[in-house]
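Peer 1: Each chain, written out:
Protein chains: 2
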Amino acid sequence: MGYKSDIEIAREAKKQPIQEIGAKLGIPAEDLLPYGHDKAKVSEAFIKGLAGRENGKLILVTAINPTPAGEGKTTTTVGLGDGLNRIGKKAAICIREASLGPCFGMKGGAAGGGYAQVVPMEEMNLHFTGDFHAITSAHNLLSAMIDNHIYWGNELEIDIRRVAWRRVVDMNDRALRQITASLGGVANGFPREAGFDITVASEVMACLCLADDLADLQKRLGDIIVAYRRDRSPVYCRDLKADGAMTVLLKDAMQPNLVQTLENNPAFVHGGPFANIAHGCNSVIATKTALKLADYVVTEAGFGADLGAEKFMNIKCRKAGLAPSAVVVVATVRAMKMNGGVAKADLGAENVEAVKKGCPNLGRHIENVKSFGVPVVVAINHFVTDTDAEVQAVKDYVASMGSEAILCQHWAKGSEGTEELATRVAQIADADMANFAPLYPDEMGLFDKIETIAKRIYRADEVLADKKIRDQLRQWEDQGYGHLPVCMAKTQYSFSTDPNLRGAPTGHSVPVREVRLSAGAGFIVVICGEIMTMPGLPRVPSAEQIMLNADGQIEGLF
Amino acid sequence: MGYKSDIEIAREAKKQPIQEIGAKLGIPAEDLLPYGHDKAKVSEAFIKGLAGRENGKLILVTAINPTPAGEGKTTTTVGLGDGLNRIGKKAAICIREASLGPCFGMKGGAAGGGYAQVVPMEEMNLHFTGDFHAITSAHNLLSAMIDNHIYWGNELEIDIRRVAWRRVVDMNDRALRQITASLGGVANGFPREAGFDITVASEVMACLCLADDLADLQKRLGDIIVAYRRDRSPVYCRDLKADGAMTVLLKDAMQPNLVQTLENNPAFVHGGPFANIAHGCNSVIATKTALKLADYVVTEAGFGADLGAEKFMNIKCRKAGLAPSAVVVVATVRAMKMNGGVAKADLGAENVEAVKKGCPNLGRHIENVKSFGVPVVVAINHFVTDTDAEVQAVKDYVASMGSEAILCQHWAKGSEGTEELATRVAQIADADMANFAPLYPDEMGLFDKIETIAKRIYRADEVLADKKIRDQLRQWEDQGYGHLPVCMAKTQYSFSTDPNLRGAPTGHSVPVREVRLSAGAGFIVVICGEIMTMPGLPRVPSAEQIMLNADGQIEGLF
Numbered sequence: 016m017g018y019k020s021d022i023e024i025a026r027e028a029k030k031q032p033i034q035e036i037g038a039k040l041g042i043p044a045e046d047l048l049p050y051g052h053d054k055a056k057v058s059e060a061f062i063k064g065l066a067g068r069e070n071g072k073l074i075l076v077t078a079i080n081p082t083p084a085g086e087g088k089t090t091t092t093v094g095l096g097d098g099l100n101r102i103g104k105k106a107a108i109c110i111r112e113a114s115l116g117p118c119f120g121m122k123g124g125a126a127g128g129g130y131a132q133v134v135p136m137e138e139m140n141l142h143f144t145g146d147f148h149a150i151t152s153a154h155n156l157l158s159a160m161i162d163n164h165i166y167w168g169n170e171l172e173i174d175i176r177r178v179a180w181r182r183v184v185d186m187n188d189r190a191l192r193q194i195t196a197s198l199g200g201v202a203n204g205f206p207r208e209a210g211f212d213i214t215v216a217s218e219v220m221a222c223l224c225l226a227d228d229l230a231d232l233q234k235r236l237g238d239i240i241v242a243y244r245r246d247r248s249p250v251y252c253r254d255l256k257a258d259g260a261m262t263v264l265l266k267d268a269m270q271p272n273l274v275q276t277l278e279n280n281p282a283f284v285h286g287g288p289f290a291n292i293a294h295g296c297n298s299v300i301a302t303k304t305a306l307k308l309a310d311y312v313v314t315e316a317g318f319g320a321d322l323g324a325e326k327f328m329n330i331k332c333r334k335a336g337l338a339p340s341a342v343v344v345v346a347t348v349r350a351m352k353m354n355g356g357v358a359k360a361d362l363g364a365e366n367v368e369a370v371k372k373g374c375p376n377l378g379r380h381i382e383n384v385k386s387f388g389v390p391v392v393v394a395i396n397h398f399v400t401d402t403d404a405e406v407q408a409v410k411d412y413v414a415s416m417g418s419e420a421i422l423c424q425h426w427a428k429g430s431e432g433t434e435e436l437a438t439r440v441a442q443i444a445d446a447d448m449a450n451f452a453p454l455y456p457d458e459m460g461l462f463d464k465i466e467t468i469a470k471r472i473y474r475a476d477e478v479l480a481d482k483k484i485r486d487q488l489r490q491w492e493d494q495g496y497g498h499l500p501v502c503m504a505k506t507q508y509s510f511s512t513d514p515n516l517r518g519a520p521t522g523h524s525v526p527v528r529e530v531r532l533s534a535g536a537g538f539i540v541v542i543c544g545e546i547m548t549m550p551g552l553p554r555v556p557s558a559e560q561i562m563l564n565a566d567g568q569i570e571g572l573f
Numbered sequence: 016m017g018y019k020s021d022i023e024i025a026r027e028a029k030k031q032p033i034q035e036i037g038a039k040l041g042i043p044a045e046d047l048l049p050y051g052h053d054k055a056k057v058s059e060a061f062i063k064g065l066a067g068r069e070n071g072k073l074i075l076v077t078a079i080n081p082t083p084a085g086e087g088k089t090t091t092t093v094g095l096g097d098g099l100n101r102i103g104k105k106a107a108i109c110i111r112e113a114s115l116g117p118c119f120g121m122k123g124g125a126a127g128g129g130y131a132q133v134v135p136m137e138e139m140n141l142h143f144t145g146d147f148h149a150i151t152s153a154h155n156l157l158s159a160m161i162d163n164h165i166y167w168g169n170e171l172e173i174d175i176r177r178v179a180w181r182r183v184v185d186m187n188d189r190a191l192r193q194i195t196a197s198l199g200g201v202a203n204g205f206p207r208e209a210g211f212d213i214t215v216a217s218e219v220m221a222c223l224c225l226a227d228d229l230a231d232l233q234k235r236l237g238d239i240i241v242a243y244r245r246d247r248s249p250v251y252c253r254d255l256k257a258d259g260a261m262t263v264l265l266k267d268a269m270q271p272n273l274v275q276t277l278e279n280n281p282a283f284v285h286g287g288p289f290a291n292i293a294h295g296c297n298s299v300i301a302t303k304t305a306l307k308l309a310d311y312v313v314t315e316a317g318f319g320a321d322l323g324a325e326k327f328m329n330i331k332c333r334k335a336g337l338a339p340s341a342v343v344v345v346a347t348v349r350a351m352k353m354n355g356g357v358a359k360a361d362l363g364a365e366n367v368e369a370v371k372k373g374c375p376n377l378g379r380h381i382e383n384v385k386s387f388g389v390p391v392v393v394a395i396n397h398f399v400t401d402t403d404a405e406v407q408a409v410k411d412y413v414a415s416m417g418s419e420a421i422l423c424q425h426w427a428k429g430s431e432g433t434e435e436l437a438t439r440v441a442q443i444a445d446a447d448m449a450n451f452a453p454l455y456p457d458e459m460g461l462f463d464k465i466e467t468i469a470k471r472i473y474r475a476d477e478v479l480a481d482k483k484i485r486d487q488l489r490q491w492e493d494q495g496y497g498h499l500p501v502c503m504a505k506t507q508y509s510f511s512t513d514p515n516l517r518g519a520p521t522g523h524s525v526p527v528r529e530v531r532l533s534a535g536a537g538f539i540v541v542i543c544g545e546i547m548t549m550p551g552l553p554r555v556p557s558a559e560q561i562m563l564n565a566d567g568q569i570e571g572l573f
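Protein chains in written order, with my numbering: chain A, 16 to 573; chain B, 16 to 573.
Everything labelled a hint here was simulated from the structure, so no lab data went into it.
All figures in this text were calculated on a predicted structure; none of them were measured in a lab.
Mixed in with the good hints, there may be bad ones.
[Stated by the list, open to error] Below, in silico cross-link-like pairs of lysine to any residue (SDA-like), each with a Cα-Cα straight-line distance of 25 angstroms or less:
hint, chain 1, residue 1, chain 2, residue 2
1, A, K63, B, E138
2, A, K359, A, T402
3, A, K234, B, W167
[Said to hold, decoys possible] Derived CB-CB ranges, DEER-like:
hint, chain 1, residue 1, chain 2, residue 2, range
4, A, E492, B, V555, 55 to 65 angstroms
5, A, K234, B, A404, 24 to 34 angstroms
6, B, G200, A, A38, 47 to 57 angstroms
[Claimed, not checked] Chain B is nowhere near these chain A residues, computed Cβ spacing over 10 angstroms in every case:
hint, residue
7, K29
8, E35
9, N70
10, K266
11, K307
12, A404
13, T438
14, D476
15, D486
16, Q487
17, D493
18, R528
19, I542
20, R554
21, P556
22, M562
Idealized CB from N, CA, C, for every residue including glycine.
Work the whole structure out from these sequences, hints included.
Peer 2: Next comes the structure, spelled out in structure tokens:
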């Protein structure tokens, strides 16, 4: 039997004009700023007018630790959104925007898959509505203003060895990771070491995704620490008077983007901060707007629940005053088998024992999510090779944890495949069973916050951090940053900091290599292990195969 | 009496929905890809369908050598377009897009001025429809693929000292002019000298602006020379298999943008190559599309006629098979006075003698343009301090040259102020008086082409070029590039290469400092003097004053 590829399905989509999608949420056509016929931004003025309305229910989709088998978190987010609409609920989804650069390295990341996709898929993987380009511009304007300030006399006494603000580009370009800039003599400035990150790693991205409105965005941008003086005192973006112009550059980008699923249900796709050095969730403004317009809002967080859900709860929900009504943890039989020790090549064969052996990874995520006071449902994202016995093994395991696992077939069937999940999730959300609270209070010490996450979420025995790091954390507490949440940057493949340690490890240590203050975004980044903020291209980049075919369609992007 | 500022006038504009503007040209709403309510791209499919139609008349607006007094070339282009519509003609204008970066250095460049403007002004000076961001992405993808190729073994044997392809950013950032890249050890590549230009200087920009369609664009991108081997043989973009992916990134950007004048007449704003190292005209595809849709198309070229009109004729028209029916040379009384030796501070006082003394600059441009076989009209762009006697002096001078000068008041009155000019231009165009031919044939030798321009346009006695440069030109001829036109890069302030030499100098020399082959764009760049391809920010960049005001409007951009 032949399955259609994601791109084939996406190209057959019967898209509705974006004005009709907006109308389903009660957005008047004049408040939709169209980008072509199938994308639009929701106007700032319209969003301001929603302030008095009631909020819908917020549902988070998260997952087990990712494996090479793939879990289908976005696919399930889309499938659940479509399923809720199918059973007569007014539902919208909120997901992140894709980064352009990586699409030219490995094959592009589609927005969902099979019959649970968001369209237009190609535009979403390329320039989309230009948000990331705006972020790149705003970021690099600040960079240029820093070196320009130094060039014209350095009144702020920036120590050029301690410029913390790098440049960004939305491209996988390892040659820019570390550079020497301002070469070429007197006219070009003062030579110094510098470098580029990929745009999604920009603190401007994190600021935009956490800001309530343009005024809040400008305040956050102003708070960014760009450099230090010789006496180690910080120099802020505000000191360079860059925050106003950066906000102007981000004026349009701050407005959430509306697109649609294959089933013509509304989808907000807005923002895309890194899930390691940032919080990995779509924008607060998109989520809040969706909650005013829909009765149910399905959203997702990056990586597995140990990173994504934890940050969603402890950073995004805490700071934005959001509270999820239910959490869906996505698992697959194949991923359970990989957690149970099966190699990728052998995933096709039935292996109930391996499924059972891998389930504790899922079990721990269920426990962790429940510890935030939110009810959990497991979605088993069905794959064609899954056997009934394997699926039953997962269901039995989850039942033994006091939760429920529901088989979903949205990839093959669209919303028909998530009716049961949607019905159950709506019941739970409507029952107001959640009693959400972040894992730690604002006033807890920074190191204690790190320990709390390491011990209660990762189940580590200890956090290892040398004196320099502990001193730095104490210094930030003294400077008034102690109330910030911590943003953990560790491997997504394991509860531990060792990517090869699958399942549900205990007794490990979490070594903290570095801590960084993202004063604009409003969190302390805690780096455990190697974190790459500028990817490189592979030996044969997918760009070599990307081209327009004779019909003008894009080939090779997926 | 109080005059309104450009931005005040622009904000009062009664814009029509872009679909209504498109309808005036017969573009169906489904073939307009909207960007908000007041900007749209014209679909590739619609443009392809126009092939069989008759062309309208092409009118070029050019100017005397620019002075600090300002000439108002774009303002006159807009005013003439509105004037033609006012007298019942179906007319469209075609101008270039603005570069984002420089707006944060000096005050932004509005699209026209007074009551002859194109709107939405702010978006046009910021991200607009994302074309320049797409060009930046396509350019930098190629850059990344070059260093990536070297990293993975350098099969093409690129000499890392001879990588000709730099990177670009749409920002004034002098710190990036000259850098050392790929530092940081084995994982980051092979350290080499590199640098950034501003996006408008990218050869990708020139390719996009000269390409007939996406297939032609991809061919041009493939032809770009990115580096040389130790044996000096060229490495092409095509060798790196980057041309397909770059074309995909430029798919949307290749579609012309439609906006409107303050009087709701259609304006295509598309492409913006540098006017020194590139040809300085809006895109061929926009001009050709406009000619299929309107009876009169008013367009402009960069800088004064010695650079802009010359390149428009010898590069754009030659390569695209276009032929102008008339040329308007814009002059102002104030600029004549400056050419006549008056300082900027003294421009307010009547000085008929200075006007007369400055007129030969105008006279030579008239002669030069006529040498292309195209009839000329002079537009005197009226300024409030101009006296009748001064205006009459210009008219008399132009009459003595066998041409006609018409006073225009579009800045103050909109199309009412250009009725006479529009009527006269339409008469000339309708009379088919033009007998256009480029200044030199394709088969002329490259050095002879440079000499032809230097002697016949600049009125220089000689071209100075050392043996190395002459050898290089001969080598390109041997390699099959001898048929290309030459693209002169010299100061815009004088016919000569000395910016302080105003008026109509003779007897000077044109020293050629460097020649570059833009094999994708299809011209040889001839650099005479210092050409800056990456501007810096001033001591107090305008970015410091750019911000959103309490009403959410952008302040400080103009």
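Peer 1: Look at each hint and say if it fits the structure.
Peer 2: A quick look at each hint next to the structure:
1. Of the supplied pair hints, the one linking K63/A and E138/B holds, its CA atoms being roughly 22 angstroms apart against a limit of 25 angstroms.
2. Only pairs whose Cα atoms come within 25 angstroms are accepted, and K359/A paired with T402/A is accepted, the gap being roughly 17 angstroms.
3. The straight-line distance between the Cα atoms of K234/A and W167/B is roughly 44 angstroms, outside the 25 angstroms bound, and the hint therefore fails.
4. In this structure the hint that E492/A and V555/B lie 55 to 65 angstroms apart at CB is violated, the actual value being about 37 angstroms.
5. At roughly 58 angstroms, the beta-carbon separation of K234/A and A404/B lies outside the given 24 to 34 angstroms, and the hint is violated.
6. For the hinted restraint 47 to 57 angstroms between G200/B and A38/A, the CB-CB distance of approximately 56 angstroms keeps it satisfied.
7. For K29/A, the requirement that its beta carbon stay farther than 10 angstroms from each beta carbon of chain B is met, with the minimum near 16 angstroms.
8. The Cβ of E35/A sits about 15 angstroms from the closest Cβ of chain B, beyond the 10 angstroms cut-off, so the non-interface label holds.
9. Here N70/A stays apart from chain B, with its beta-carbon at least about 25 angstroms from theirs, past the 10 angstroms limit.
10. With a minimum CB-CB distance of about 7 angstroms to chain B, K266/A fails to clear the 10 angstroms threshold, and the non-interface call is violated.
11. Residue placement check: K307/A keeps its beta carbon more than 10 angstroms from all beta carbons of chain B (closest about 20 angstroms).
12. Under the 10 angstroms C-beta cut-off, the non-interface status given to A404/A relative to chain B holds; the minimum distance is some 45 angstroms.
13. Distance to chain B confirms T438/A as a non-interface residue, since its nearest Cβ pair spans about 39 angstroms, more than 10 angstroms.
14. Remark: the non-interface label on D476/A is consistent with the geometry, its nearest Cβ contact in chain B lying 32 angstroms away (cut-off 10 angstroms).
15. With a closest Cβ-Cβ approach of about 27 angstroms to chain B, D486/A is found to remain outside the 10 angstroms limit, as its non-interface label requires.
16. With a least CB separation of 23 angstroms from chain B, Q487/A remains clear of the 10 angstroms interface cut-off, as annotated.
17. A cut-off of 10 angstroms between C-beta atoms confirms that D493/A is not in contact with chain B; the least separation is 31 angstroms.
18. The claim that R528/A lies off the interface holds: its Cβ sits roughly 17 angstroms from the closest Cβ of chain B, which is beyond the 10 angstroms cut-off.
19. Every CB of chain B lies more than 10 angstroms from the CB of I542/A, the least distance being 17 angstroms, so the non-interface label holds.
20. Separation of R554/A from chain B is inadequate, the least Cβ-Cβ distance of about 5 angstroms not exceeding the 10 angstroms criterion.
21. With a minimum CB-CB distance of about 6 angstroms to chain B, P556/A fails to clear the 10 angstroms threshold, and the non-interface call is violated.
22. At roughly 3 angstroms, the least C-beta separation between M562/A and chain B is not larger than 10 angstroms, which violates its mark as non-interface.
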